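*Asks:* Below, each chain spelled out in residue letters.
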Amino acid sequence: MPSRCIGRGEKDKGANELHKTLLLFIITLIFLLSTLPLVAQEPSLILPEEFTAFDTPNDAGKSISLVWKVSSSDCEGVEYIISGSTNPDGPWQEIVRLDATKWFKSDAPQYFGLGTKHKEYHFYEVTNIPGRAETLTNGTPYYFQLAMTNGAITAPSPTTISARSRGNWFDSSKTNILIFVIIFSALIMFFIAAARRNPHLFIRRIPGLDAVEEAIGRATEMGKPILYLTGLYDMSYVPTIAATCILGRVARKVANYDSQIKVPSYDPIVMTVCQEIVREAYLEAGRPDAFKEDNIFFVTTDQFAYVAAVDGIMLRERPAANFYMGYYFAESLLLAETGASVGAIQIAGTDSVTQLPFFIVTCDYTLMGEELYAASAYLSREPLQLGSLKGQDVSKAFILIVLLIGAILSTSGIYFILNLFKTF
Amino acid sequence: MIAFVMGILFIIQFFVPHQWSQDMLTWVTKWLSIIGGVTLLVGAGSLIHIHYAKIKRRVAGWGYSGVMFFGLILSLSAGITPALIILFAPAQGNQSFLGIEGINTVPGVEPGGPLDWVFMKMFNPMSATMFSILGFFMASAAFRAFRARSLEATLLLVAAVLIMLGQTPLGGMLWSGIPDIMAWLLAVPNTAAKRAIIFGVVLGSIATSLRIIFGIERSYLGGGKE
Numbered sequence: 000m001p002s003r004c005i006g007r008g009e010k011d012k013g014a015n016e017l018h019k020t021l022l023l024f025i026i027t028l029i030f031l032l033s034t035l036p037l038v039a040q041e042p043s044l045i046l047p048e049e050f051t052a053f054d055t056p057n058d059a060g061k062s063i064s065l066v067w068k069v070s071s072s073d074c075e076g077v078e079y080i081i082s083g084s085t086n087p088d089g090p091w092q093e094i095v096r097l098d099a100t101k102w103f104k105s106d107a108p109q110y111f112g113l114g115t116k117h118k119e120y121h122f123y124e125v126t127n128i129p130g131r132a133e134t135l136t137n138g139t140p141y142y143f144q145l146a147m148t149n150g151a152i153t154a155p156s157p158t159t160i161s162a163r164s165r166g167n168w169f170d171s172s173k174t175n176i177l178i179f180v181i182i183f184s185a186l187i188m189f190f191i192a193a194a195r196r197n198p199h200l201f202i203r204r205i206p207g208l209d210a211v212e213e214a215i216g217r218a219t220e221m222g223k224p225i226l227y228l229t230g231l232y233d234m235s236y237v238p239t240i241a242a243t244c245i246l247g248r249v250a251r252k253v254a255n256y257d258s259q260i261k262v263p264s265y266d267p268i269v270m271t272v273c274q275e276i277v278r279e280a281y282l283e284a285g286r287p288d289a290f291k292e293d294n295i296f297f298v299t300t301d302q303f304a305y306v307a308a309v310d311g312i313m314l315r316e317r318p319a320a321n322f323y324m325g326y327y328f329a330e331s332l333l334l335a336e337t338g339a340s341v342g343a344i345q346i347a348g349t350d351s352v353t354q355l356p357f358f359i360v361t362c363d364y365t366l367m368g369e370e371l372y373a374a375s376a377y378l379s380r381e382p383l384q385l386g387s388l389k390g391q392d393v394s395k396a397f398i399l400i401v402l403l404i405g406a407i408l409s410t411s412g413i414y415f416i417l418n419l420f421k422t423f
Numbered sequence: 000m001i002a003f004v005m006g007i008l009f010i011i012q013f014f015v016p017h018q019w020s021q022d023m024l025t026w027v028t029k030w031l032s033i034i035g036g037v038t039l040l041v042g043a044g045s046l047i048h049i050h051y052a053k054i055k056r057r058v059a060g061w062g063y064s065g066v067m068f069f070g071l072i073l074s075l076s077a078g079i080t081p082a083l084i085i086l087f088a089p090a091q092g093n094q095s096f097l098g099i100e101g102i103n104t105v106p107g108v109e110p111g112g113p114l115d116w117v118f119m120k121m122f123n124p125m126s127a128t129m130f131s132i133l134g135f136f137m138a139s140a141a142f143r144a145f146r147a148r149s150l151e152a153t154l155l156l157v158a159a160v161l162i163m164l165g166q167t168p169l170g171g172m173l174w175s176g177i178p179d180i181m182a183w184l185l186a187v188p189n190t191a192a193k194r195a196i197i198f199g200v201v202l203g204s205i206a207t208s209l210r211i212i213f214g215i216e217r218s219y220l221g222g223g224k225e
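Chains A and L, in that order, are what the protein sequence lines are.
For the first sequence, numbering that gives the first Met the number 0 gives the first residue as 0, with consecutive numbering after it.
For the second sequence, numbering that gives the first Met the number 0 gives the first residue as 0, with consecutive numbering after it.
Among the hints, erroneous ones may be present.
Pairs of lysine to aspartate or glutamate, EDC-like flavour, derived with a Cα cap of 16 Å [to be verified]:
no. : chain 1 : residue 1 : chain 2 : residue 2
1   : L       : 53        : A       : 316
2   : A       : 118       : A       : 49
3   : A       : 223       : A       : 209
4   : A       : 116       : A       : 75
5   : A       : 223       : A       : 233
6   : A       : 68        : A       : 98
7   : A       : 101       : A       : 88
8   : L       : 55        : A       : 293
9   : L       : 53        : A       : 292
10  : A       : 101       : A       : 75
11  : L       : 53        : A       : 257
12  : A       : 61        : A       : 124
13  : A       : 61        : L       : 22
14  : L       : 193       : A       : 370
15  : A       : 261       : A       : 316
16  : A       : 261       : A       : 301
Computed from the model, here is a short list of chain L residues facing chain A with C-beta under 7 Å [stated by the list, open to error]:
no. : residue
17  : 14
18  : 21
19  : 187
20  : 191
21  : 193
22  : 203
23  : 206
These aren't lab readings, by the way, just hints derived from the structure by calculation.
Predicted, not measured: the structure shown is a model, and the values here were computed from it.
Ideal placement from N, C-alpha and C gives every residue a C-beta, glycine not left out.
The task is simple: from the sequences and hints, build the whole structure.
*Replies:* The structure is reproduced here in structure tokens:
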């Protein structure tokens, strides 16, 4: 059998096949190489939407708030670049770089409230532009741009926004406080007005105040003075004002009994006020000659120096009755124990929750918290003042009802009532 | 009228964040400090008058009034003398402190100065002594008060013992539950009672403030028919 010879045609056919294969291979290689850069390329940054600037609410001005929607590109390693200028065309100063996983509207409830959608927006408060004046100027327009960067690429801002800062006339974050102040004040004023029509209001007994007359009588019988302290705050604090109001009632009784009252003062202004109060009390009692201005004197404005001086007075003069009215700190026990050691009848009244236990265990009678504020009305028995006490009690009942409802709702997982009482 | 106007004004000021409102608050606060400083002179005058009268009349305990004058003169001297030296002796290289550069602190009160020495070596130890007496007074008050005379007193006694034991390692050593009971007592009933008192205090403050603002309560003024 003769060997099969490969003719020219067959040779050409084989070469064509080879050429086709090579061509196909080259085309495939080119295609693969052309697509490779796309696979290896960094993903592009998607700039956020709704980039807005506005005056920061609830402030005195000199601040502009920037808000923008969270971008799908937000992740670790991505930053926002905020730039500012006083000119819409620049030059632009970089103000800050912010981590894209932080800085949300929900972090500033004092401006935006407690809405659930605030986590979908970023927020930044601009108070100055580097290289410019120390703070923003109210009324001046400022321009801002927002860019994103992941370290490798930076996506510049396509838009420029502007805003002017200004002072605000109402702090809306305190709206709940305003409403409750109006409600409570209205209740108190209503009952004061009601007391004008019906002056016979019931008030429960407060043993500490019933004992005032007994204490003064005891001091008169023993021929010893009465010591009256107004606490360690100055006249700008309500407990001290309450203490001086009670002093007026006590001083009148002391003048009627022809006894002596000593008032060592912690503050010079309180001293002058107490001098006038006691002088007036003696005048109204018809005993101006019995008033001794030297009995109301200033000691010192230092806490422990004051208590050392008062303790010395107690040990030397041995008063028969001690009154501790006002706000006290750590010296409360020093005073009350020394007073107990000299055998004085002691009546205390304070709104300091940390010192109440000490007064309760050492004093004969203690006015707790609100009883200090009720004392003046209780001693005077004036209808208008008793009316304010009734308003106080109704306000307290309102708070109790809200507490009860809030506790039930919170236990059930409904928290809106808690947010009504939030302060920022 | 002044109390009414200022009361209403500063209630409104609390809700107004505008710069004018803040400036007004700052201005009034500065005036309060100025008036407070001036009334300190009134207080000092009262102090000197009272104690001088005691020394003059040789009343019982007049020696203590002498001690008061000694302390007053010592502190004043320690504070004022360095300032006077600098003021009147510029030739010695010291610069006057009246607004001239180079003086960072009022002479006399700088650390190591004479007034600082009086404060640190005399005043501070005496204050600390008075504060430390509290420990002994607490013990004596507890001894007198923690008696099981009634149900409330017994409750007080038991709670006080548990709290005291819980605050020390001894409580844990006696029984591991004592610190937990102490923590519960402080966190639950104690906090509840404190908050209840604070509610009453706040409402009382509002009522008292309204009475003062609207002139219903005027006894603090020391005169006039209510």
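*Asks:* All hints are to be evaluated individually against the structure, with a verdict given for each.
*Replies:* Each hint tested on the structure:
1. For the suggested pair residue 53/L and residue 316/A, the alpha carbons sit about 14 Å apart, so the restraint of at most 16 Å is met.
2. The suggested pairing of residue 118/A with residue 49/A holds, with an alpha-carbon distance near 14 Å, which does not exceed 16 Å.
3. Between residue 223/A and residue 209/A the alpha-carbon distance is near 20 Å, which puts this suggested pair outside the 16 Å criterion.
4. Between residue 116/A and residue 75/A the alpha-carbon distance is near 22 Å, which puts this suggested pair outside the 16 Å criterion.
5. Proximity of residue 223/A to residue 233/A is assessed by CA-CA distance (about 28 Å); at most 16 Å being required, the pair is judged violated.
6. Between the alpha carbons of residue 68/A and residue 98/A the distance comes to roughly 14 Å, so the proposed pair stays at or under 16 Å and holds.
7. Taken as a hint, the residue 101/A and residue 88/A pair is broken in the structure, with Cα atoms around 29 Å apart against an allowance of 16 Å.
8. The suggested pairing of residue 55/L with residue 293/A holds, with an alpha-carbon distance near 14 Å, which does not exceed 16 Å.
9. Pair hint residue 53/L plus residue 292/A holds up; C-alpha atoms about 14 Å apart against a cutoff of 16 Å.
10. For the suggested pair residue 101/A and residue 75/A, the alpha carbons sit about 10 Å apart, so the restraint of at most 16 Å is met.
11. Restraint check for residue 53/L and residue 257/A: the C-alpha separation of about 23 Å exceeds 16 Å, so the hint is violated.
12. Restraint check for residue 61/A and residue 124/A: the C-alpha separation of about 10 Å stays at or below 16 Å, so the hint holds.
13. Proximity of residue 61/A to residue 22/L is assessed by CA-CA distance (about 15 Å); at most 16 Å being required, the pair is judged to hold.
14. Note on residue 193/L and residue 370/A: the hinted pairing holds, with a Cα-Cα distance of about 15 Å set against a maximum of 16 Å.
15. Under the criterion of a C-alpha separation no larger than 16 Å, the hint pairing residue 261/A with residue 316/A is consistent with the structure, at around 10 Å.
16. Note on residue 261/A and residue 301/A: the hinted pairing is violated, with a Cα-Cα distance of about 19 Å set against a maximum of 16 Å.
17. Hint status for residue 14/L: holds, given a least beta-carbon distance of 5 Å to chain A, under 7 Å.
18. The restraint placing residue 21/L at the interface with chain A holds, with a minimum CB-CB distance near 5 Å, inside the 7 Å limit.
19. Annotation: residue 187/L was flagged as interfacial toward chain A, and the flag is violated, the nearest CB pair being 14 Å apart, outside 7 Å.
20. With its C-beta approaching chain A no nearer than about 11 Å, residue 191/L sits outside the 7 Å limit, and its interface hint is violated.
21. With a cut of 7 Å, the hint placing residue 193/L at the interface with chain A holds, because the nearest CB-to-CB distance is about 5 Å.
22. About 3 Å separates the beta-carbon of residue 203/L from the nearest beta-carbon of chain A, less than 7 Å, and the hint is met.
23. With its C-beta approaching chain A no nearer than about 5 Å, residue 206/L sits inside the 7 Å limit, and its interface hint holds.
In the structure shown, a violation is registered for the earlier hints numbered 3, 4, 5, 7, 11, 16, 19, 20, in ascending order.
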